[in-house]
Structure formats: structure tokens, C-alpha cells
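Residue 24 is where the sequence shown starts when you use our numbering, and the numbers rise one by one after that.
Treat each hint with caution, since some may be false.
Each pair of labels, with its calculated beta carbon distance range [as the list claims (entries may be wrong)]: (1) Leu225 - Arg264: 36 to 42 Å; (2) Glu30 - Arg237: 18 to 24 Å; (3) Ala33 - Val62: 20 to 26 Å; (4) Pro152 - Asp213: 36 to 42 Å; (5) Glu244 - Pro122: 32 to 38 Å.
It should be emphasised that the hints constitute simulated quantities derived from the structure, not laboratory data. The structure displayed is predicted, hence computed values, not measured ones. Each residue gets a CB set at the ideal place from its N, CA and C atoms; glycine is no exception.
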Amino acid sequence: MTTLAFEPYAPLDVPKPLAPELWVIDGPEIRFGYVGLKVPFPTRMTVVRLPDGGLWLHSPTHPSEPLLEQLAALGPVRFLVAPNSLHYWWLPAWAARFPGAEVHAAPGLARKAKRPLPAHATLGDAPPPAWAEVLDQVLVPGSLLTEVDFFHRPTRTLILTDLIENFEPRRIRSRFWRLAMQLAGAADPDGKAPYDMQLSFLGRRRRLRAAVERMIAWAPERIALAHGRCYEADGVAELRRAFRWVL
Numbered sequence: 024m025t026t027l028a029f030e031p032y033a034p035l036d037v038p039k040p041l042a043p044e045l046w047v048i049d050g051p052e053i054r055f056g057y058v059g060l061k062v063p064f065p066t067r068m069t070v071v072r073l074p075d076g077g078l079w080l081h082s083p084t085h086p087s088e089p090l091l092e093q094l095a096a097l098g099p100v101r102f103l104v105a106p107n108s109l110h111y112w113w114l115p116a117w118a119a120r121f122p123g124a125e126v127h128a129a130p131g132l133a134r135k136a137k138r139p140l141p142a143h144a145t146l147g148d149a150p151p152p153a154w155a156e157v158l159d160q161v162l163v164p165g166s167l168l169t170e171v172d173f174f175h176r177p178t179r180t181l182i183l184t185d186l187i188e189n190f191e192p193r194r195i196r197s198r199f200w201r202l203a204m205q206l207a208g209a210a211d212p213d214g215k216a217p218y219d220m221q222l223s224f225l226g227r228r229r230r231l232r233a234a235v236e237r238m239i240a241w242a243p244e245r246i247a248l249a250h251g252r253c254y255e256a257d258g259v260a261e262l263r264r265a266f267r268w269v270l
């Protein structure tokens, strides 16, 4: 049995309210292959309940039976969203379990994915009519990573994936990985895009800056993150701090 590198954000597979009609769900730790290493990452999904009662799932985590039972109490699963070119692994399992749900994926994911994806619509720089009433979105194209970020207008919550990573050193059990996350620039309290990801935007900084400025203009109160501590207050200040390398 593999020893966990991170202290889990327990309880796992349980919706935790972050704002009205919006929850985060912490899932199991995974190992992501990168430059010959198996890098540990905690996983997290964000769930929004839309005005019609349907659920919008951002970066779905492992669909365990306890998690499916918890979600059933919130509403029917309507949308499955793979927000970038890294967060998609469990999408086929969710699509098989909920064949009536619409699948939406970041541009280019079909070319980069290491497993077959279900039929899906491609996310863009504007929300589709199905969720435009409550969610806005912005496309951030890159070479290493292309990501679509979302803004839940009713609660002024920004939903990011990997453009800000905010690992808490006190929750990293391994000294090696604790140092690695700090050297990568992705450690709380100064979480941001890891330095290798920042370098990948060198030729796309103008487009990235425009996207970040759009996020700031939304004036988010809080920011839901896929990795590490979320920001439950001072959203605009956290954006300016985390993206100072491009602003």
C-alpha cells in the first residue's frame, strides 16, 4: 500500500459547502507522471447546483459509491466538465454512469488525453446557454496547459484548476515533496502557477494577462482551487498576488 504524501482533506467524497449552491469535494490522492517521477497530488472537484436543480461537476474525482450517494441527495448530474488538459482521467467513468449528462472538455484535450474520452463539446471563451445564467468562463490557452476558468456569479466564486496551486506545507508528510512544492512556487501562503507552467506561457503572456484581468474584473470574493487551500476571502487580492508574474 502506497503511503500518502498529503494529509487528506478529510472527510473525502463528501460535499463541503463553500458558498450557497456550491460545494467542493475532496477525493483520493493520485500520482501524476512528470519527468520520470510519480508526483503526488490531492484531488478536488467543485460542484454547482444550477437554477433548474441539475448539478454541474468541475474536474470530477473518482466516482466512489459513497460520493455518488452524496451527490444524489443534491440533485441530478447534468454536466461533466474537464477544465484543462490534465484534469480528465475519471471523465469516462462518470459519463458511463450518467449517460444523459453533457460532457464538456478544454480545447485540445482529445489530442493529449492518455485514454479514450466520451463524446464531448469543446469549451470556449464564453459559456454555453445551458449554464450562462449563473456561470461565466474564460479560456487560457497554453503549450503545457490549456485551461478554462469559471466564475459563479451568484456567489462571486472563481473556480480555477491548475493556474493556481496552493499546497499547504504542514499537510505534506514527505520532506522531499514539501521542499519540491516550495521550490516549484506552489506552496501556501504564496501559491501560484508552478514555475515550469509559468515558463510555458512565455509566448502567450498577452493572452494570459487579458484572461487574468478579466478574472479580476469579475471581482471574486472567493476562489475554489483543485489543489491545496482554497481562498475563502480577498479573492481579488489573491489573484493579483498569484499572477504578479504576468500582470
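Status of the hints after comparison with the structure:
Taking the beta carbon of each, leucine 225 and arginine 264 are about 21 Å apart, not inside 36 to 42 Å as hinted. As the Cβ distance of glutamate 30 to arginine 237 is approximately 35 Å, the hint placing it in 18 to 24 Å is violated. Taking the beta carbon of each, alanine 33 and valine 62 are about 22 Å apart, inside 20 to 26 Å as hinted. Our hint of 36 to 42 Å for proline 152 and aspartate 213 holds, since their Cβ atoms are close to 39 Å apart.
Checked against the hint of 32 to 38 Å, the C-beta distance between glutamate 244 and proline 122 comes to roughly 36 Å, which is consistent with it.
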